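Taken in sequence, the protein lines are chains A and B. Note that the numbering used here numbers the first sequence so that position 8 is 127, with each residue one more than the last. Note that the numbering used here numbers the second sequence so that position 152 is 164, with each residue one more than the last.
Just so you know, these hints were derived from the structure itself, not from any lab. Among these hints, one or two may not hold up.
Label-pair distances were calculated between CB atoms; the ranges are [what the hints assert, rightly or not]:
#1 B/I427 <-> A/L164: 38 to 48 Å
#2 B/S63 <-> A/V154: 36 to 46 Å
#3 A/L164 <-> B/V431: 33 to 43 Å
#4 A/L144 <-> B/G215: 56 to 66 Å
Keep in mind that this is a model prediction, so the values were computed, not measured. Glycine residues also receive a C-beta, built at the ideal position from the N, C-alpha and C atoms.
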Amino acid sequence: MASEKIKGKATEDSNLKGTLASVFLLGFFLIFTWVSVYFLFLERL
Amino acid sequence: MNETLKVDRRDAKLALAHIYVAFIALALGGLAGLLQTLVRSGKFTLPANISYYTILTTHGVLLGLVLTTFFIIGFQFAAVSRTAGTFSDRVRFWGWIGFWLMTIGTAMTAFFILIGEASVLYTFYAPLQAHPGFYLGLTLVVVGSWISGFAIFAHYARWKKEHPGQVSPLLTFMAVVNMVLWLVCSLGVAATVLIQLLPWSLGLVDRINVLVSRTLFWYFGHPLVYFWLLPAYMVWYAIIPKIIGGKIFSDSLARLSFILFLFFSIPVGFHHQLMEPGIDPFWKYVQVVLTFMVAIPSLMTAFAMFATFEMYGRSKGATGLFGWLRKLPWGDARFFAPFVGMLFFIPAGAGGLVNASHQLNQVVHNTIWVTGHFHLTLATTVVLTFFGAAYWLIPHLSGRVMTKAMNRLAIIQTIVWVVGMTFMSGSMHFAGLLGAPRRSAFSTYGNSPQALEWIPYQIAQAVGGTILFIGIILVLVIVTNLAFFAPKGETEFPVGEVAETAERTPLAMENWKLLIGITVALILIAYTIPFIDMIQNAPPGSKGYKLW
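Excised from the complex, chain B in its bound form (with noise of 0.2 Å):
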């Protein structure tokens, strides 16, 4: 097992499949969004009785786990062959299965939306009730993820063994923290899918607890969030400086904002489900202050990334007080993808701090502010990142260079992304705060004031979304011609190294014991009394519906 600097070409072609089948997702999810936007104008009604909760189910799933899901696993799987070693021929297996597991359980799940048996949105809340073909997809989505996140952990701990008493490379440590983060999380969606939804679904129960299936929802759904951010990060920590011909700020500061990632982003639902009866106000209050909590580890990346920058363009010559933004390369698709994702998650931040607040969540709960809201985090944040990363990972692993024309075009891309989302983004905020509704087609509400003011609003995330979708043809075109057509060639997997001046990294960030013995003990304190309470104290339970 050699560190090198290429990535194996076997490993390569696991990292690539899952990233085609991130790609296919972002094509079909993407076609959603732009119909779900069209109709919500008003202006444009969709063929053939398709529903518009249909559309809006393929569109969340698609890209808020089938995108997110494959490209982070793709993603992880290379860097880790980078910065770990080659992997074993177990370790790879495993990532095939995992593979195999998610692909055919997204299959599975895109055919029963797709075939009107599943509108039940992306967060499947109960009583919404599926075809249990929905539920089992997922579950095989979510089981592949969790065999592929312990080939990760085994490569790992070999790498460890092999290198006693030595910090492991940033990267791997970074994927595993992902990795540990994901599984804590997704066993509250395994649990309301495997005992409580699927019974329900295939019959077997007549009648389900809605409060406690939302609750392991959003147990899952928050740190989500985090598992998306948390790859993105990795690019911004330990790639960019790099990319930029910089150093690391700081290997510590990089773990330790990622082990706080991992303590506080779990305990947090609640501040989801604010407005919701039966979870105790003390609760929801312990909730808030945990999720007031994660915001922390977000400013010290902010922090970390103005002082990178800072001392790069310091070390070019550059003066004055932002002289040093000068000195950054604008015209690097790699560097400039990324750098805008990491402007727009200022906005994207503040509303998250709006969101969490009880008392302001009450202005924006269900409204289509909360859309916007993870339109910038996750579509913007997120998936710039993740485009900057595919325009050096993908010709590194096909063994292709990309062109100064593709280059030319993955700029455009990002600015025809800015212009769309500022549109959709700032609309879908602006009508929230007017308190136009989610997850709702559209509709004047009887010509009721209120609801006409939104339209002007409605019709602005359709331009928004149109150009997004152009966005979206520019980045296939660029990835198809990255894994394809490009001339062949080397391109190299930048990884940062740390700068001369930052302190020794303390081994004691490994002590997994510590670092997963706090994540339970945070999970336990602010989730037991209250889940108790809602099993103890529960009400009948509600019937399945299907109301589309």
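Just chain A, with the same shape it has in the complex (with noise of 0.2 Å):
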């Protein structure tokens, strides 16, 4: 009983839809800026 209990608000306190649109924007800004730097590179050869 205690453990379902715990499951169910685990799903209902569990929607972490807002941290995966945050790491993925997270992930976005790190490729955008290590490509950014890179044509730079590029460019420079």
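Using the hints, put the two standalone chains together into the complex.
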């Protein structure tokens, strides 16, 4: 019973869509920065 | 030894002593930083023949080594005492010995820098040669920190003995990991100082193997960054959830990220030496791969932070994709300053990936981009988190409370810091991409068109540096108030609780033989062969130079 309650609560609170979106945005920013400097490197070859 | 909600008064005194020295270093080192940016704008000359490189060394050593090490050890003493119980007299005694050794070492180092005998820059690279007193002072700082580290280990061991089969308190575990990391990495700087630099500076030997000394420095220098960063992560993982009224997303995830930092932050020093001849490209590649591994625990931390905030916001009824952001306590400086620190870690981390990539490093190596980078990591992410922690830690230790007016000033301070750093670090990044060198006084390089392009950015750096100095004055006002003048009362030392839904923490996470064994194995894999190569195929070595 107790564990079912906890499971129920977990589903309710574990809507982490905002977290998923945030980490994707973070990932895109990292890739964007890296690629920008990489193109600068290529341009200066 | 009782786990209490309040740090024992005697332990509080020890922690506070460290924090006072840290903020004195901030005042002096910050002033040196301001002068540097003014000189580099080309509009200001230092009086009385003071060298730019003297203030550069002062700035780097006082802020990069003294402010950080003292604040971190003070904070960790308080966190361990709060979560694993009051120290024994013996642990506290050794804590004080560590403090005094570090303080005497700092005074010695600062003295030799200020009299112009040690303008060897923050990284004290050979063949620049300082007075032996400079190296001796730094040795005392490191030895003092080791003693404090062992005091923390002894207290942790006693807790484990008294609580068999139990998982240690999260903050104590984190402090122990950080001190193990520090101990293992500072062996490198101790080796170069004691075996190479000191005998060479004393005139006992004529020449020095520069590549070996630089390699030992960066064996220490990169994990040093994580020694600064992990206490900030301690605040983020274990304290911020309590401040916002939420729960720690996962105790295991927090511990695992710390363990990964221990494994991967040390065998990566070559990414600072990618442009250096004398190191086989294969070993540079191995260490670049390991460097990218160290991004993983930082990304785990980003995920855990977003999740903590979102879970809290949703528990307060937030809806929509980002509605939870509105539920966070924006008016609380204890949250706001570290949160801004977290945000700045995004561009800081992105810059770090650029630095660590071999080809991209060719674009930014030894340019002021790198200075801009660590003013985001250390001087914003870490420092704003430390300021945020000071806003509850100092009044908790001094038996006072932060007034609303001081809280408001702390919010303003954070905003001032953001504005100043955006100007300063932003322009450093752009000037670096245009080739502006770091560690250099103002010069137009014979009016070369490329150097003239940098000047507007250098003026922007001076504007940013001035705003940041105002930020330093504000934080010093707040800290002095919290330590000596704020109303008497009780301030909470916030320690988060783990969410009910989190999995139980496996005890294997505290198997130190395994953790230290893997750490040492990775170091040996990454360093043994290239190090043998550096010694076997060493050039004749260099004499010492004093170019200032």
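Against the structure, the hints:
1. B/I427 <-> A/L164: 38 to 48 Å: Taking Cβ atoms as reference, B/I427 and A/L164 lie about 42 Å apart, which means the hint holds.
2. B/S63 <-> A/V154: 36 to 46 Å: Given range 36 to 46 Å: holds, Cβ gap about 41 Å.
3. A/L164 <-> B/V431: 33 to 43 Å: This hint holds: roughly 37 Å between Cβ atoms.
4. A/L144 <-> B/G215: 56 to 66 Å: holds, 57 Å
Hint violations for this structure: none, all hints satisfied.
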